[in-house]
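2 protein chains.
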Amino acid sequence: MSDARPIGVFDSGVGGLTVASALAARLPAETLLYLGDTARLPYGTKSAATVERYTQANVDFLERRGVKAVVVACNTASALALGRLRSALPVWGVIEAGAAEAAARSRGRVGVLGTEATVRSDAYGRALRRLRADLEVESLACPLFVPLVEEGWLDDPVTEAVARRYVTPLLESGVDTLLLGCTHYPLLAPLLARLAGDGVALVDAATAVAEQVAGELERRGLAARTKAGTDHFCVTDASERVERIAREFLARPVALELVDVGGAPEGA
Amino acid sequence: MSDARPIGVFDSGVGGLTVASALAARLPAETLLYLGDTARLPYGTKSAATVERYTQANVDFLERRGVKAVVVACNTASALALGRLRSALPVWGVIEAGAAEAAARSRGRVGVLGTEATVRSDAYGRALRRLRADLEVESLACPLFVPLVEEGWLDDPVTEAVARRYVTPLLESGVDTLLLGCTHYPLLAPLLARLAGDGVALVDAATAVAEQVAGELERRGLAARTKAGTDHFCVTDASERVERIAREFLARPVALELVDVGGAPEGA
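Top to bottom, those sequences are chains A and B.
If you use my numbering, the first sequence corresponds to residues 42 to 309, in order.
If you use my numbering, the second sequence corresponds to residues 42 to 309, in order.
Bound conformation, chain A alone:
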């Protein structure tokens, strides 16, 4: 049995391409359909009701396009909208997957790195404590990481100086696991691993959700055996900037299809 239908991946922007990359690396036989809701980003500053509505419209769009399952790569949507989502498909979010891997690996003290919105929501903290009540969790907003990644300054002395300033207090407080709780951060993983050293486990939610999806597709008989299609990338607003960042995240040029997911436009 082989289910050739694509896996849908949705994010508010192009950051979720790190999740698509992790899925492609872990599941080379699967075809991906990516949707970046670039017209309405960022989600992190919007109300829960608005994020729920946008998430539902995006999942409905992927469902109409014939996906067999959906991965919600957006941290805000994972935190706020997964509970109330109406869908006949399996839907997985990055937060539960990232938290589960960190909880499994930590010796007791986890540092969570994320955007200000994610840290303020404490979504990873709550997920981690649900899984292991004994865990100590320290969360830190790193607002410079996303623009540094989007500038393409990955292996860079400026980025290293910024990362050192953010992460040093966490490391000094005895964190044994660093959870990268933002779609952009996997591109900083080599630098962060070097700063953290061997004694600290680095967990990224993108790799964690790819691992979870691999197991779940197998368990539900939904896995593909050979790659039948071509990965396809949709955005709700295209610009030179989005194309540049997409190229950088996927490490290759990519065609972006401009789509209308339906539902109420922003501010209408």
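Because the hints were derived from the structure by calculation, they are not lab data.
A hint or two may mislead.
[Said to hold, decoys possible] Beta-carbon label-pair distances, calculated as ranges:
hint, chain 1, residue 1, chain 2, residue 2, range
1, B, R161, A, P198, 35 to 45 angstroms
2, B, R67, A, R206, 46 to 56 angstroms
3, A, E257, B, E213, 46 to 56 angstroms
4, A, L181, B, R161, 25 to 35 angstroms
5, A, R205, B, D101, 20 to 30 angstroms
6, B, R288, A, E281, 32 to 42 angstroms
7, B, L181, A, G215, 34 to 44 angstroms
8, A, D197, B, A145, 54 to 64 angstroms
9, B, H273, A, R235, 44 to 54 angstroms
10, A, P198, B, R260, 24 to 34 angstroms
11, B, R67, A, L195, 35 to 45 angstroms
12, A, E281, B, D175, 27 to 37 angstroms
Yeah, the Cβ is synthetic: ideal placement off N, Cα and C, and Gly gets one too.
Based on the hints, put chain B in the right spot on chain A.
For chain B alone, kept in the frame of chain A given last:
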């Protein structure tokens, strides 16, 4: 004659507090009423129609609160919404004022620093060329400046390294005037002036619009002679983060009133 009514200042967020500070410094007898539309920021990623609608609602709110004139501190709103605004009050934007001062001071080559949205709109470039067709204009997006300022890393080696990387190619291309085309950038002015050196004029739109407002109030008989009221600060969404940044921008603690400007909510 003294007109004690406040001057309204509006921005999509708290960045426009640099404009409020410049007005307070230039016009110590005037009272200010500030409105930061923090619930709906950022404006830079939104359509012209949406920015127009938000700007109208914000100006209407300030008018209902009894201001005698409005300064639009938001670059996006200045660029997209001033033309179609309906208001009985005098309304001034940062772009025309900043461009006018840069055009008056430049010996021929202006570098414009701004956010990606402002640079993409080319609003300063068009305003500069309208004023002086002979000007050469080179615009550069500096996406790390806003988060660096919001982190409070103003006089900082990381910020200096970032600024040097951004500005060096502009300086090497022979720019004689640097126009700071973003509300946040005046906080980086000391650092940028040091990097640019004596031969380069630094023009910031906040100071420029304050100078313009001073002249226009005088000309129209609207100036206040002695300060009659207390400056007042309103936001459409309050958070610890907004309060922290407001405190940093004004260099003092400040009470923020949460207000509803009316009009359609985002995404409704």
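Hints, verified against the model:
1. B:R161 <-> A:P198: 35 to 45 angstroms: violated, 28 angstroms
2. B:R67 <-> A:R206: 46 to 56 angstroms: violated, 36 angstroms
3. A:E257 <-> B:E213: 46 to 56 angstroms: For A:E257 and B:E213 the Cβ distance comes to about 54 angstroms; the hint holds.
4. A:L181 <-> B:R161: 25 to 35 angstroms: With Cβ atoms ~32 angstroms apart, the hint holds.
5. A:R205 <-> B:D101: 20 to 30 angstroms: violated, 48 angstroms
6. B:R288 <-> A:E281: 32 to 42 angstroms: holds, 37 angstroms
7. B:L181 <-> A:G215: 34 to 44 angstroms: Holds, at about 42 angstroms.
8. A:D197 <-> B:A145: 54 to 64 angstroms: About 38 angstroms separates the Cβ atoms of A:D197 and B:A145, which means 54 to 64 angstroms is violated.
9. B:H273 <-> A:R235: 44 to 54 angstroms: holds, 49 angstroms
10. A:P198 <-> B:R260: 24 to 34 angstroms: violated, 51 angstroms
11. B:R67 <-> A:L195: 35 to 45 angstroms: Given a distance of about 43 angstroms, which is inside 35 to 45 angstroms, the answer is holds.
12. A:E281 <-> B:D175: 27 to 37 angstroms: holds, 29 angstroms
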